[in-house]
Amino acid sequence: MKIIFFAKIRELIGKEEENITLPENVVTINDMVSFLKEYNKIYYNVFENYDFFIACDEELVDMDYKISNTKEIAIFPPVTGG
Amino acid sequence: MIDIRIQSSDFNFEKEIKKFQKNKIDGAVVCFLGSVRDLNSEEELKKLEIEYYPKMAKKVLNETVKKAFDKWKLSQCLIIHRFGKLNVNEPIVLIITQTKHRKDAFRANEYIIDFLKINAPFWKKEHTNKDSYWVEQNKKDLDISI
Numbered sequence: 001m002k003i004i005f006f007a008k009i010r011e012l013i014g015k016e017e018e019n020i021t022l023p024e025n026v027v028t029i030n031d032m033v034s035f036l037k038e039y040n041k042i043y044y045n046v047f048e049n050y051d052f053f054i055a056c057d058e059e060l061v062d063m064d065y066k067i068s069n070t071k072e073i074a075i076f077p078p079v080t081g082g
Numbered sequence: 001m002i003d004i005r006i007q008s009s010d011f012n013f014e015k016e017i018k019k020f021q022k023n024k025i026d027g028a029v030v031c032f033l034g035s036v037r038d039l040n041s042e043e044e045l046k047k048l049e050i051e052y053y054p055k056m057a058k059k060v061l062n063e064t065v066k067k068a069f070d071k072w073k074l075s076q077c078l079i080i081h082r083f084g085k086l087n088v089n090e091p092i093v094l095i096i097t098q099t100k101h102r103k104d105a106f107r108a109n110e111y112i113i114d115f116l117k118i119n120a121p122f123w124k125k126e127h128t129n130k131d132s133y134w135v136e137q138n139k140k141d142l143d144i145s146i
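Here the protein sequences line up with chains A and B, keeping their order.
If you use the working numbering, the first sequence corresponds to residues 1 to 82, in order.
If you use the working numbering, the second sequence corresponds to residues 1 to 146, in order.
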């Protein structure tokens, strides 16, 4: 799965994107967040201590969204445009 | 007509407004221009950097404008949003809405900028001589009454 990061989250993770093979038991966004928190301490810090939004194929999604058909997941902080 | 541009280069808002005056039927044109401000009292702002998620930003702006078209019978709408490093007072965003009557043009314009501020994936980072800071979302922006 291709995961991309933006703004403060990108800086905290230390990279623009990551390709991760998610295990079969990762079905929802919530599952993915739990998996990543155990994957390494950097993800744990981001998800525990910072506000974040997740978009699947450019659509904002909730934590119970099923990611099976998703091509690209984006993780980013609250937006501040305009 | 919907015209959405996301660009690093500056724009001439007077020229853009004049294009809207060519419409002979819909006489109400409302323009919102947002510029870089220096609100930090302790350190002088040197640059404002704007980062964005290209594919999603265009999609969100398109969807927002389409909703405004349905709600207020817009005849034309232009959005320009800049990215990259900008100086104080440089323009960031331009929204022009055109309808038959002024109230619809005002409301549509407010709707678009309000939704852009909470939904469109753009992020601002302030650079001063000493440090750089990501701008936090203003919680007041989340309170949309339209």
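Rather than coming from a laboratory, the hints here were simulated on the basis of the structure.
Even glycine gets a Cβ: it sits at the ideal position worked out from N, Cα and C.
Be aware that a few hints might be false.
Said to hold, decoys possible - Below, simulated DSBU-like cross-link-like pairs (lysine-lysine); rule was C-alpha separation at most 35 Å, straight line:
#, chain 1, residue 1, chain 2, residue 2
1, A, Lys71, A, Lys15
2, B, Lys71, A, Lys37
3, A, Lys71, B, Lys71
Stated by the list, open to error - Partial list, computed: chain A residues near chain B (C-beta under 10 Å):
#, residue
4, Gly14
5, Pro23
6, Glu58
7, Ala74
8, Gly82
Item to check | Per-residue hint verdict: Ala74 (chain A), partner chain B, C-beta under 10 Å | outcome: Result: holds, 6 Å to nearest chain B Cβ.
Item to check | Hinted pair Lys71 (chain A) and Lys15 (chain A), Cα distance within 35 Å | outcome: Roughly 19 Å between the alpha carbons, so the hint for Lys71 (chain A) and Lys15 (chain A) holds.
Checklist entry - Is the hint on Glu58 (chain A) kept, meaning its closest Cβ partner in chain B is under 10 Å away? => result This hint holds: Glu58 (chain A) lies near chain B, its Cβ roughly 4 Å from the closest one there, short of 10 Å.
Item to check | Hint validity - Pro23 (chain A) Cβ closer than 10 Å to any chain B Cβ | outcome: violated, 27 Å
Checklist entry - Per the CB criterion, is Gly82 (chain A) less than 10 Å away from chain B? => result The hint holds - Gly82 (chain A) has a Cβ within 10 Å of chain B, the shortest such distance being about 4 Å.
Next on the checklist: Does Lys71 (chain B) sit within 35 Å of Lys71 (chain A), going by the straight-line distance between their CA atoms?
Outcome noted: holds, 33 Å
Item to check | Gly14 (chain A) as chain B interface residue, shortest Cβ-Cβ below 10 Å | outcome: violated, 15 Å
Checklist entry - Are Lys71 (chain B) and Lys37 (chain A) close enough, with their CA atoms no more than 35 Å apart? => result Since the Cα atoms of Lys71 (chain B) and Lys37 (chain A) sit roughly 43 Å apart, the hinted pair is violated (cutoff 35 Å).
Hint violations for this structure: numbers 2, 4, 5, all remaining hints satisfied.
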